[in-house]
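So the sequences go chain by chain: A, B, C, D, E and F. Counting from 1, position 38 in the first sequence corresponds to residue 627 in the numbering used here; the numbering is continuous, with no gaps. Counting from 1, position 310 in the second sequence corresponds to residue 899 in the numbering used here; the numbering is continuous, with no gaps. Counting from 1, position 215 in the third sequence corresponds to residue 804 in the numbering used here; the numbering is continuous, with no gaps. Counting from 1, position 94 in the fourth sequence corresponds to residue 442 in the numbering used here; the numbering is continuous, with no gaps. Counting from 1, position 43 in the fifth sequence corresponds to residue 391 in the numbering used here; the numbering is continuous, with no gaps. Counting from 1, position 33 in the sixth sequence corresponds to residue 381 in the numbering used here; the numbering is continuous, with no gaps.
You may find that some hints are simply not true.
The list that follows gives simulated cross-link-like pairs (lysine-lysine, PhoX-like), each with its CA atoms no further than 20 Å apart [said to hold, decoys possible]:
| # | chain 1 | residue 1 | chain 2 | residue 2 |
| --- | --- | --- | --- | --- |
| 1 | E | Lys382 | F | Lys388 |
| 2 | F | Lys382 | D | Lys382 |
| 3 | D | Lys388 | A | Lys921 |
| 4 | E | Lys388 | C | Lys921 |
| 5 | E | Lys382 | D | Lys382 |
| 6 | A | Lys813 | A | Lys791 |
| 7 | E | Lys388 | C | Lys919 |
| 8 | B | Lys921 | F | Lys382 |
It should be emphasised that the hints constitute simulated quantities derived from the structure, not laboratory data. Predicted model only: the values in this text are computed from it and were never measured.
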Amino acid sequence: MRMNNKLKRTMMGASVSLLGLAVGTGLALAQTAAPTPNKGDTAWMLMATGLVLMMSIPGLALFYGGLVRSKNMLSILAQIFMIVCLVAVLWTVYGYSLAFTSGGSLNDYVGGFSKIFLNGVNADSNAATFSNGVVIPEYIYFAFQMTFACITPALIVGAFAERTKFSAVMLFVALWVTFIYFPIAHMVWYWAGPDAIGDAAKALAAAADGAAKTAAAAKLEEIKADAGLIFRWGAIDFAGGTVVHINAGIAGLVGALIIGKRVGYPREAMMPHSLVMTMIGASLLWVGWFGFNAGSNLEANGTTALALVNTFVATAGAALAWLFVEWAAKGKPSLLGMVSGAVSGLVAVTPASGFAGPMGSLVLGLAAGVLCYFFVAVVKNKFGYDDSLDVFGIHCVGGILGALATGILVNPALGGTGILDYEAKPGSAVVAVYEFGPAIIAQAKAVLLTLVWSGVGSAIIFKIVDFTVGLRLAVDQEREGLDLADHGERAYNH
Amino acid sequence: MRMNNKLKRTMMGASVSLLGLAVGTGLALAQTAAPTPNKGDTAWMLMATGLVLMMSIPGLALFYGGLVRSKNMLSILAQIFMIVCLVAVLWTVYGYSLAFTSGGSLNDYVGGFSKIFLNGVNADSNAATFSNGVVIPEYIYFAFQMTFACITPALIVGAFAERTKFSAVMLFVALWVTFIYFPIAHMVWYWAGPDAIGDAAKALAAAADGAAKTAAAAKLEEIKADAGLIFRWGAIDFAGGTVVHINAGIAGLVGALIIGKRVGYPREAMMPHSLVMTMIGASLLWVGWFGFNAGSNLEANGTTALALVNTFVATAGAALAWLFVEWAAKGKPSLLGMVSGAVSGLVAVTPASGFAGPMGSLVLGLAAGVLCYFFVAVVKNKFGYDDSLDVFGIHCVGGILGALATGILVNPALGGTGILDYEAKPGSAVVAVYEFGPAIIAQAKAVLLTLVWSGVGSAIIFKIVDFTVGLRLAVDQEREGLDLADHGERAYNH
Amino acid sequence: MRMNNKLKRTMMGASVSLLGLAVGTGLALAQTAAPTPNKGDTAWMLMATGLVLMMSIPGLALFYGGLVRSKNMLSILAQIFMIVCLVAVLWTVYGYSLAFTSGGSLNDYVGGFSKIFLNGVNADSNAATFSNGVVIPEYIYFAFQMTFACITPALIVGAFAERTKFSAVMLFVALWVTFIYFPIAHMVWYWAGPDAIGDAAKALAAAADGAAKTAAAAKLEEIKADAGLIFRWGAIDFAGGTVVHINAGIAGLVGALIIGKRVGYPREAMMPHSLVMTMIGASLLWVGWFGFNAGSNLEANGTTALALVNTFVATAGAALAWLFVEWAAKGKPSLLGMVSGAVSGLVAVTPASGFAGPMGSLVLGLAAGVLCYFFVAVVKNKFGYDDSLDVFGIHCVGGILGALATGILVNPALGGTGILDYEAKPGSAVVAVYEFGPAIIAQAKAVLLTLVWSGVGSAIIFKIVDFTVGLRLAVDQEREGLDLADHGERAYNH
Amino acid sequence: MKIVVAIIKPFKLDEVRDALTAAGVHGLTVTEVKGYGRQKGHTEIYRGAEYAVSFLPKLKIEVAVPSELADAVVNAITSAARTGQIGDGKIFVSSLERAIRIRTGEKDSDAL
Amino acid sequence: MKIVVAIIKPFKLDEVRDALTAAGVHGLTVTEVKGYGRQKGHTEIYRGAEYAVSFLPKLKIEVAVPSELADAVVNAITSAARTGQIGDGKIFVSSLERAIRIRTGEKDSDAL
Amino acid sequence: MKIVVAIIKPFKLDEVRDALTAAGVHGLTVTEVKGYGRQKGHTEIYRGAEYAVSFLPKLKIEVAVPSELADAVVNAITSAARTGQIGDGKIFVSSLERAIRIRTGEKDSDAL
Ligand SMILES: Nc1ncnc2c1ncn2[C@@H]1O[C@H](COP(=O)(O)OP(=O)(O)O)[C@@H](O)[C@H]1O
Ligand SMILES: Nc1ncnc2c1ncn2[C@@H]1O[C@H](COP(=O)(O)OP(=O)(O)O)[C@@H](O)[C@H]1O
Ligand SMILES: Nc1ncnc2c1ncn2[C@@H]1O[C@H](COP(=O)(O)OP(=O)(O)O)[C@@H](O)[C@H]1O
């Protein structure tokens, strides 16, 4: 996303400062003044950032931690806590630059190094949103995106929980965000922003003669081409169905397969040690996901509210769906089923949250609850892989469902918002005509590329980690529990 | 609440868009332009919605869950989690319409079906607030109110915790929100909004001759009459003393009486299994209640801040009051007493939060702590009913105290804000003259109608549930715990 | 901080109200109109207030509570919960006035009584921020600062956890906030605000002749002199390194020494009873600290985002630093180490959060992790004092490091924001020239005064409490646990 | 002396304690245990994985008594702990050679 | 009758239970205990404070059996619980004078 | 052989363990139990409901020893666990017929 640097300007009370502008400088300014952030948008993005951090810690940590045996509780908490810390530092040092700057000849796949160490970013630089003329402070854009980079690898570790060494997890994550996450975030989310496109389109419209027209048209194309590969395919992903969930889910499955099953699996009973923690975690995930999905609108308006509503409704629907399927299949509706259903709805609605309507999201949620139940309770047992906490069955499967459904539910005829066109009426966004074929193909291509890139890349990284620090502890240590073996502590001393 | 639909309009940076308006169209616009949401208001309401969801899950779930025996922990968590999910879906499908649209000939008691399936609601439709010319996106109004609909029935289940079947609770809640909550929310909170009244009052003032005056006066009356019964009585309830707490509290008591006592009550010791969870829950309730009460102002201004301050101070005062009374009566101040006191203060200040001053709220909190202690520790034992988690003693009693006190503390002479009059100076709100008699009578009538409607209605619904799915499990299953019997799980496997 | 009272004014949609101003009154208004709050700022401060409350309860309560033995769990939770309640009431009644009004002849050290019982504060009064022309509702400023007053004494109790009587803690806190916290908050944070200075500086610039100039200059000096002692020294503390952390940390150490060691310390093993709770607490502290630090900017702009970024990055760095040092020194990286590191980073970055750049904050975090590890794991054992939960080693040491480092990292040459000068260009803030010597000396003086005032004052208060209600329970009661002895409850009944 | 060990259903503890006190017993020691026997357990299901749990929560009560009291104690426990349903538990009686009260050093019957 | 008490490693419970069932035992009682013995414990470190933890989690299994079954039971436990590593545990056999089934009042061998 | 069972106050565990080691004992097993006896319990109050809790947390220590060590063991426990206050606990000694070390199959005294 291209950032606009403005001169240092003291923010003043709106009435006074605007008045000054209006009277002192006249209409001319309206054309040229760089947009300044609206404090309502900034306030919301500050909060959304806090909410997404809360999703990881303590949300996800508890959701996962409650599901393992108590002897491995701290290992889950420690892995997730340190993934957040490690990735925050990597994101600051070079991740943000790799994801959200132009990557030159590699721009299709990854960004460049122009913003390493936050070079050029300061309290006055702004980041574009999805609305023309609306910007937010770049620092908050940076921080919001940082929380996404932190939670994605944290999702992965659930797939091989209770058996993977702490040092291995840390090394894996450092490599994984560098070679998988930063590139995929770039491919899906990097673009020039609405004002750059709007300005170029205006210039084209204003171009006087043929030569100027050609030049302006070339410039517009160039600006539109300055975007990640998947973005240019026209695939849409409001809050991270591909980047976060499919990406993490497939990496988890690959890890579970390469690392192998837990000692004793599936013979020994491996019951969740505290569904209370799991329920707390799921609840905080839900609350935090409002920041994740509605925050992804980058401003605070009706579309933001729509994203929140969709997140709410899809989640409720998915929990109900899982509940009824399980009740029918197993005779009792479990709390673990309810919260698993809720999370599957949250995952599925993520890419669709700002594009679908509430009724579309409700249907999507219902579908997610049923489909993820099927993968977790039937498919996994059938194939016998040990995806400890169902990262594949929920995040990858739910993410794929959501990504494809987004291509359908965005259709205004189904209550969706439609896809925005920033060229038709330069300077503002209008809804483009919806076409099913191209939309669904773009989504499918995005899903496939993510599966392949992350699946293959993760396999390579796991092998590297195995050959260097090693992936697993000794069988005895695993039996004793990772808390003692890796951290020298116990979770509970009652 | 009547909603204003505006044309799709891209939000722009305030300086640019306002400038355009000022220069391009002149003063005329000021009269006719439909108000657009302020992003600061939207940001706050997004957050407030998240906070109220957090009150239910995990807040209330933990507050209640910690108080039951560990064998029933999951049943509490599951009931509350699924109540949120179920009611969210019902609210989306028809609840919002029943509460917040005009109900035609039934408009005194309930709304109509014009917005079922969110018909006509979109990212550009707005909802009125309590200030003239201030609107918020309707989606966020919808979502904020949804969280209220979710938490109210969740409060009820504490009264008959540890003994009521999951299926019975779900069926009860579906019926209860439909026949009790949606109507009462309509009766208390549905009105035409400040701009509708202001515009009609302006038209009346501008009416040239007698006939026009009569017509305009009739129109104004019609608009004022387009409100729920209790609203028209002049009863005030800032954030839900009647709608939420009295309503839930009396339904809980009725349920406790109809369902009967827990096996072994009161002979066997039924100690809270984890006051830690209860304390976490109470704390999250407190934090979330800022969203509940201050969010009920629907915008982000000084009154919102006042509501937050009142919520803070009344709660602190009530906790102190309970602490000292218990210390005096029992010799030791318990943590459970402190957090129970805090919740009683939160309940009592709910209807008063945007109307009272901080000192009035402090006194109200102190009174709530003492009164609720008396009901919980003395009255309940005296009468011997098994209100497991004191839903009546805290929510109904605290709610009644708060509802009546609101009629007193709103008095500007006591530091209250006064009741707003939207007609005296059409287009803005002025403080009406306070009269004790009418104020307190309106409050008392609201309390009584709520008690009767919810008390009788709930009794009927409990009977229906008993005759269909049945209310209780077998004694053996209740002894073994609802977690295993209803959900096939255990909370803890340490 | 001086407050501006404005007439009651209905907030309207920005477009309409601003338009009216612009057209109806012309430029003249720009000089004289009192600033009104921006709703984006208000929204953010509402939320920040909720976040800081969440830091205390349940955040800090769980962080501390997890570290004690289960028999003392409730005593920690109860102490922290009631400290919040008690201080909220004291702050409302007289604390706010003592901290944030002019104290007349004692103004160097403490404020006066002009705002006791919130006298003169209402929904329309505003509080200054750090930007000219930007105000926020005084109620939210009051509430935000209240949360700081609540959490600071709550930090202290960790130093003498597991052995101090509930009644003693309550009495201590009442005295301590009155004689230590309110004065130090006044000394560090009370000033006339940017507009008062800007207006006086403008008047000076506009003064026609010598006499007028002299009078105007005197007026400006008077306004600049209307500030707390440490503020006037030029010491900077963005969010409370001195006021909160050094202050609480030294009081804790003094308490630990006066109260003496826990029975059995250090012979008996005193393991944390639930590192899960500690991790939840640390996570909520981190999330809440965004409100603490970024909220301390009092508005929602790029600097607020910077403060959030700094808080994020320093914390991550400190957790990594502690992890690696512990891994090297002890052979295993513990979860308790990771979260302790994170908290040490949060503490250290507190005074620097709005002044340093992200890279400076990263370095500060790394240093904090190492230094606090050293104090907690080496120094404490060496000297043998029983600072149960390392309040001194983390809060005091981290706070001192942060306070001093702030004087360095604020340097724009190191990526800092520089210190603002409100006189050079009256009406807006410009960055003053950075000078190392004065900056570091001002910081050192602030640290020293805080250490002495709080150290000596706390010692006196502990002695008073000892002679009145007594500090400790009988040995038998301490062995049995404070939960039963003080509160008649147990935390867990599994 | 005898040591009487009873495995009972948890919710019967208070009744058994009262019956023992009535029978003249002044002290006893209780342990939370898990029992396996004819009483069938239950099934727990976690995301489709079903576990048959055959161990059920029971309480073990140990009472040291002078030999002459053993019969009364056995009877007291039997009647207080009985629900008539499967899983009511067992009573085991063994001989006890010595008993000492730590506080005083008192021996045998004096120590009980 | 005999009462056989075995201290075993926790993860061996299912195997031991199965071996006992195979040996004709119909009931048993399990207690979570902490064992101290030749098997060394571990060190836990909390903010620099190191604690040597020498008590390790074990399970105690109690089985009352007719005397003639005692040998079979001891053998069943020994082979099911053995890993060959230090800390595998012990079996203790004492004599049991009486056994009563609370539900029915059945006595001795009938009660087992 | 004898099996010595002691009920002690929880915070005395380390001292008792040290005393036993000094007396030549190499292993022991500890169980968390609740004791009822002359030592009075406490009252807990939850929202006005008062519960008299008469069961107090204790630890049960079981040590199997060669008969000749029994006296020394009893004495070691008695002096290490004594505070002189009510509730210090009891020691019970019974005879032990057999002991087996699971790991090796060693028998009786060799197994301890
Ligand atoms: N042979 C045995 N040795 C030790 N404990 C036993 C034995 N048989 C049963 N128990 C204990 O007695 C409890 C009840 O036994 P069970 O067979 O279920 O029912 P019942 O006592 O009615 O016959 C079991 O849960 C177990 O704890
Ligand atoms: N003398 C004893 N009395 C009671 N229990 C014992 C005794 N010796 C050992 N144990 C129990 O047996 C367990 C295993 O003993 P240990 O010496 O560690 O290994 P091993 O059984 O392989 O010799 C101990 O943890 C303890 O619970
Ligand atoms: N007859 C008994 N049988 C088994 N355990 C007993 C018996 N009497 C006492 N105990 C145990 O000993 C503990 C201490 O006994 P108590 O009577 O309270 O004090 P003291 O040991 O000082 O006489 C009790 O808590 C209980 O666990």
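The hints, checked one at a time:
no.	hint	in the structure
1	E:Lys382 to F:Lys388	violated (27 Å)
2	F:Lys382 to D:Lys382	holds (16 Å)
3	D:Lys388 to A:Lys921	holds (19 Å)
4	E:Lys388 to C:Lys921	holds (19 Å)
5	E:Lys382 to D:Lys382	holds (16 Å)
6	A:Lys813 to A:Lys791	holds (14 Å)
7	E:Lys388 to C:Lys919	holds (19 Å)
8	B:Lys921 to F:Lys382	violated (24 Å)
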